[in-house]
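S.K.: In order, the protein sequence lines correspond to chains X, D and E.
Just so we're aligned: 129 in this note's numbering is position 129 of the first sequence, and the numbers increase by one with no gaps anywhere.
Add 1000 to a position in the second sequence, counting from 1, and you land on the number used in this note's numbering.
Add 2000 to a position in the third sequence, counting from 1, and you land on the number used in this note's numbering.
For the record, the hints were derived by calculation from the structure and aren't laboratory data.
Heads up, some of the hints might be wrong.
[What the hints assert, rightly or not] Taking CB as the label site, the calculated pair distances span:
| id | chain 1 | residue 1 | chain 2 | residue 2 | range |
| --- | --- | --- | --- | --- | --- |
| 1 | D | W1082 | X | G248 | 44 to 54 Å |
| 2 | E | E2146 | D | K1060 | 13 to 23 Å |
| 3 | D | G1018 | E | E2165 | 45 to 55 Å |
| 4 | D | C1035 | E | W2082 | 48 to 58 Å |
| 5 | D | C1035 | X | S155 | 56 to 66 Å |
| 6 | X | D235 | D | E1171 | 53 to 63 Å |
| 7 | D | R1019 | X | S155 | 41 to 51 Å |
| 8 | D | E1049 | E | E2165 | 30 to 40 Å |
[Said to hold, decoys possible] Looking from chain E toward chain X, a few residues come up when the C-beta cut is under 10 Å (computed):
| id | residue |
| --- | --- |
| 9 | L2023 |
| 10 | A2027 |
| 11 | C2035 |
| 12 | R2042 |
| 13 | L2045 |
| 14 | T2062 |
| 15 | L2081 |
| 16 | W2082 |
| 17 | T2096 |
| 18 | E2112 |
| 19 | L2160 |
| 20 | R2161 |
It should be emphasised that the depicted structure is a prediction, and the values quoted were computed from it without experimental measurement.
By construction, the Cβ of each residue, glycine as well, lies at the ideal position given by its N, Cα and C atoms.
Take a look at the letters that make up each chain.
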Amino acid sequence: MSKPDLKVVVSNPPPPVVLPAAPEQAEMPFAIVNGEPVTHMPRDLYIPPQALEVFLEAFEGPLDLLLYLIRRQNLDVLDIPIAEITRQYMRYIELMQDLQLELAGEYLVMAATLAEIKSRMLLPRPASEGDGEADPRAELVRRLQEYERFKRAASDVDQLVRLERDVFQASAELRDRPVARVLPQVTLREMLLAFRDVATRSQMFAHHHVQREPLSVRERMSNVLAALESGEFVDFVRLFAPEEGRMGVTVTFVAILELLREGLIDIVQTEALAPLHVRRAPPVRTLQLVPGMDSPETPGTA
Amino acid sequence: MNEQYIRNVIEAGLLAAGRSLTLEELAALFGETECPGSAAIRAGLAQLEQDYAARALELKETASGVRIQVRRDFATEVSRLWPERPRRYSRALLETLALIAYRQPITRAEIEAVRGVAVNPDITRTLLERNWIRVVGHRELPGRPELLGTTREFLDYFGLRSVAELPPLAELRGLEEIDPQLALPVGATAESAAGEDGEAVSVAEAAALLSDDGADADDDVGGEPQLSSAPGLVASSPSSED
Amino acid sequence: MNEQYIRNVIEAGLLAAGRSLTLEELAALFGETECPGSAAIRAGLAQLEQDYAARALELKETASGVRIQVRRDFATEVSRLWPERPRRYSRALLETLALIAYRQPITRAEIEAVRGVAVNPDITRTLLERNWIRVVGHRELPGRPELLGTTREFLDYFGLRSVAELPPLAELRGLEEIDPQLALPVGATAESAAGEDGEAVSVAEAAALLSDDGADADDDVGGEPQLSSAPGLVASSPSSED
């Protein structure tokens, strides 16, 4: 897990400035790591301020900074030399404050935590409680480990073969694709509501006489008209279907009368008692007005 | 850089772009140092075209460059990816259809007289195409306007044996009550439920109209035939000839 | 319906869709009457894959189904189509995304507890806008914090069929491993503690912070587990992995 921003700082140092807050400590062993005394401060603690700013921004928080300090020295997270790490951590914090960087509160909380752990490490621990619970570092170690595994997971996720970076969705057009027509669906209720509304608007409800209008007659009018569409005379009797019974015959009869009234058909009888013939009204009869406009029975007073 | 590589890069670029690329854009895919000449790119395109001979794809050169597209032969299959969302009919269409059902045979002018607005020709054309209405005759007036009526398909679609099974106008005023008797498709419930509030208002309006404005009603209804007055048959014809 | 036709329809459908299609969607391309079985479709996909062996294309199965994509080998060439497209995401964003992917459903406070810093609202907004994460529910705590999880788009984008295909998380080493090493040379510890003056000041400052502002600091960090109290850790849930 490399940290590119860090490399820039470390490997490309502008004229080094020794910060007053970082006096050189040499020769005296200040920590013993895995039995080895450590006598040298890491040189890359001395960082020019402008680079430090970039450097510090590269950290994702106090845990990230701590991990950096630990990893930089090839230390094991499970065995943090807490005093030394605390000292280095505090030095970074001081640098940040000296540089008046905006310091996230989390960094100060971590400073306090480190100080507390360090002081607890100094206390003699009763031998009887020698289990892991008693190690003051345990909680910090857990957090560092937990953070580190997600830091690694983030890097793993970043390595995944990703669309638009590593691979690319292939697509081709289909021009002028035919539209698959789906006919709209209508429910009977929708249609009835539509009619009720239009009837309301046109005040049809005001006509008492239409309220009981037999719809079968209207439909039969259409059917009779359609049967006469050829323009030829049709035998009056053939317009009736006896199998429909009396009711059906009556409906047809009323429909024919209504068509006659509307001037849509003619009924012709060549001589008395001869068969009746029906045909659609010929074009010559143009005197027909739109029916109902002026009918005497207009129920205006109804 | 061999021919197969050039062909592959061209194909990759065109399919990743999903649009036409110019010859310059195709050349730019190869980077500045290794850019093949336009002859090599043309050769790669020709190679691709040949590869596609047995496939559903083809190269198409247009003003904006070259693109890979799916052949028309596969349009039917591919268009199944986008099933058309069922559209809805307009209120105007439903009203027109309802008027034709209840008042057939009826002319456009008569529909317009009732609805108070012109009938959009698209509406009657749609209804004719759907085979729900038909021209049953002509009224012998100047222009011989078509008389429209409903069809057997109309009855079948709505599950009716006859238009007479439609509720009479009077009953429509209390549509809520007749609702259970009309075995409505399930899909209808949601939207009809949504319409319920507006409906209640309409009924109230209708009641108000009934009591207050009855006298004016006839003028608005215009050409509506007076059905219940069969005797009027005799009377109306002479009067119209005046 | 022969094999070549099936292969061609699959290719046409996948390219025209420009996205992953499920086996059901692929089958639907053939219409209801002539739909080949899933074995025939699988065979067609295998055929396509074989055809692509010498090309820049490949088939990839992700959460949403199968798609045709340009191979990684051609990423350099194809990327030249979009020189301005940003290809990098910040570490903060990737860490947040990883936590959501591996620990979902998870609240912002829980993310903050692991990362040790507040979650920048820009990051979650970016992830939500990219449609990589979504709010999957709320934790029944005061304020009902949102629980975040990843989406199908996230899986598609990263070429995964499910979150189970994410690279495995690093093992947590047991804390018991600390025990043998607890015997730090007391001398070293004491010495470094007593060490430099500058350091002593720092510790004093830290101690002051601890005593004065400790309580406030915790609030700022939100759901951060209490460092000095091991049981508080349970909230951040690594215990489930142990």
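S.K.: Hint by hint, say whether it matches the structure.
M.R.: The hints, checked one at a time:
| no. | hint | verdict |
| --- | --- | --- |
| 1 | D/W1082 x X/G248: 44 to 54 Å | 49 Å, holds |
| 2 | E/E2146 x D/K1060: 13 to 23 Å | 48 Å, violated |
| 3 | D/G1018 x E/E2165: 45 to 55 Å | 27 Å, violated |
| 4 | D/C1035 x E/W2082: 48 to 58 Å | 18 Å, violated |
| 5 | D/C1035 x X/S155: 56 to 66 Å | 35 Å, violated |
| 6 | X/D235 x D/E1171: 53 to 63 Å | 37 Å, violated |
| 7 | D/R1019 x X/S155: 41 to 51 Å | 35 Å, violated |
| 8 | D/E1049 x E/E2165: 30 to 40 Å | 38 Å, holds |
| 9 | L2023 | 19 Å, violated |
| 10 | A2027 | 17 Å, violated |
| 11 | C2035 | 16 Å, violated |
| 12 | R2042 | 20 Å, violated |
| 13 | L2045 | 14 Å, violated |
| 14 | T2062 | 9 Å, holds |
| 15 | L2081 | 9 Å, holds |
| 16 | W2082 | 8 Å, holds |
| 17 | T2096 | 8 Å, holds |
| 18 | E2112 | 9 Å, holds |
| 19 | L2160 | 7 Å, holds |
| 20 | R2161 | 13 Å, violated |
Of the hints listed earlier, those the structure fails to meet are numbers 2, 3, 4, 5, 6, 7, 9, 10, 11, 12, 13, 20, in rising order.
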